[in-house]
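The whole structure should be built from the sequences, with the hints applied where relevant.
Here's the letter readout for the chains.
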Amino acid sequence: MSHPKPEWLAAWADGELRGWRRWLVERHAQNCPACAAECRHQRHVRELLRQHQRPVTMRESPEFFWAQVRAEIERRETVPAPVPADSRYPLQLATVLAAIIVVVGWIWVAGPPRQDRAQGPVPAARPGLAVVETVNTPIPNTAATVLPAEEPHIAVVWISGLPWTRDMDEMMTVYADLES
Amino acid sequence: MRALILILLAGLLAVAADAATVQCRLIRATNTSNGTDLQLRDIATQLEKRFGYKYYRQLGAGKGTLPAKDKMLRLDVGEGFTTFITPKGEGDLMVELYSGRAAVAKLTVKLKPGGHVLAGPIGVGQDWLILDLTLRE
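Here the protein sequences come in this chain order: A and B. Here our numbering is used: the first sequence runs in plain steps of one and ends on residue 180. Here our numbering is used: the second sequence runs in plain steps of one and ends on residue 137.
If you're looking for bench data, these hints aren't it; they were derived computationally from the structure. The C-beta atom is built at its ideal place from N, Cα and C for all residues, glycine as well. It is possible that some hints are incorrect.
Claimed, not checked - Quick list of simulated restraints, FRET-style, between CB atoms: (1) A:P140 x B:S33: 26 to 36 Å; (2) A:A71 x B:R41: 25 to 35 Å; (3) B:K54 x A:P140: 27 to 37 Å; (4) A:N136 x B:A61: 21 to 31 Å; (5) B:E48 x A:L97: 42 to 52 Å.
Now the structure itself:
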C-alpha cells in the first residue's frame with residue numbers, strides 16, 4: 001500500500017483537499033496507523049496555531065495606513081524606471097551623432113564666408129573703466145578687499161570690520177571719534 | 001582787444017568743457033524703504049546684484065571738476081563723509097574716504113568716464129551705507 005503524498009495530508013488537515021483525493025486520504029488513514037497519526041499531528045498543530053494566534057495591532061488607523069500605501073504607489077509610479085546602463089550609451093551616442101550631422105549640414109549649407117558679404121565692425125573688448133590698484137584701511141581690525149570684477153565699469157571695494165552702529169546719529173558720533 | 005577777450009573766453013570754455021567731473025555719492029541700502037531713488041537708476045541693478053538689498057536711497061553727493069595732477073579735490077558727501085581725490089596721472093586717482101576723522105579706506109584707482117568704484121558696507125541698523133565714486137565727462 002502506497003502512502004499518499006505529504007502535501008495531500010497537509011491539504012487534508014487544512015480542509016482544502018477535495019474530491020477523490022480527499023476520499024483516498026481518509027480511506028488510507030483508516031487503515032494506516034502512521035498516516036492517521038500524521039493527520040492527527042497536522043490537525044493538532046493547526047489547532048495550536050489557531051489558539052495562540054497573536055492579535056494583529058496597527059499603529060495607525062486602517063485609513064491612514066492605506067493612504068500611506070497609496071501615496072507610496074503613486075510615488076513609485078512617478079519615478080522613472082531605471083534605464084539599464086548599457087542602453088544609455090547608445091542614446092548619448094545618437095545625440096552626439098545628431099549634433100555632428102547638424103553642424104556639418106549647417107557648414108555645408110552656409111558655405112565659406114563670402115568676401116562680398118557686409119561685415120560689421122568687430123566689437124572690441126570693453127576695457128575696464130574702473131580698476132582698483134591698491135586699497136588699505138587705516139582703521140585697526142578692518143580689512144578691505146577688491147571683489148572680482150563682474151562688469152568692466154564697476155569695481156567693488158569690500159570693507160569688513162567697520163564698527164556697526166544702531167542709527168545715523170550714533171554712526172556719526174562713533175566715526176567722528178574713531179582714530180585711524 | 002575784443003578779439004583777444006573772445007579768444008581767451010573760448011579757450012577757458014574749451015578747457016572747462018574738456019575737464020572731467022568726479023562725483024561721490026553716499027547711498028543707503030535698505031529693505032524697509034519704498035523704492036530706489038531715480039538718481040541711482042544708472043547703478044541700481046549693479047547695487048542690488050552686489051549688495052543684495054532691495055532699495056537704494058541717495059543720502060548725499062559731492063561733485064567737482066577733476067583737478068590737475070597732484071592737486072587735491074575735497075568732496076563733502078554728507079552725513080559726515082568726505083572724499084579726497086588727487087589725480088596722479090592719466091586716469092590714476094588717489095582716493096581717500098573719510099567718515100569723521102576716520103579714514104575708512106585709501107585706494108588708488110584707474111577710473112575712466114563711466115566707471116564706478118563702490119566702497120562699503122558700513123552697517124547702520126538693518127541697513128548698509130555705500131560710497132559710489134564715479135567719473136563723468
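Hints, verified against the model:
1. A:P140 x B:S33: 26 to 36 Å: 32 Å Cβ-Cβ, so the 26 to 36 Å window holds.
2. A:A71 x B:R41: 25 to 35 Å: Given range 25 to 35 Å: violated, Cβ gap about 51 Å.
3. B:K54 x A:P140: 27 to 37 Å: Hint holds: Cβ distance 33 Å, inside 27 to 37 Å.
4. A:N136 x B:A61: 21 to 31 Å: Between N136 of chain A and A61 of chain B, where Cβ atoms are some 25 Å apart, the hint holds.
5. B:E48 x A:L97: 42 to 52 Å: Cβ of E48 of chain B to Cβ of L97 of chain A: about 45 Å, so the range 42 to 52 Å holds.
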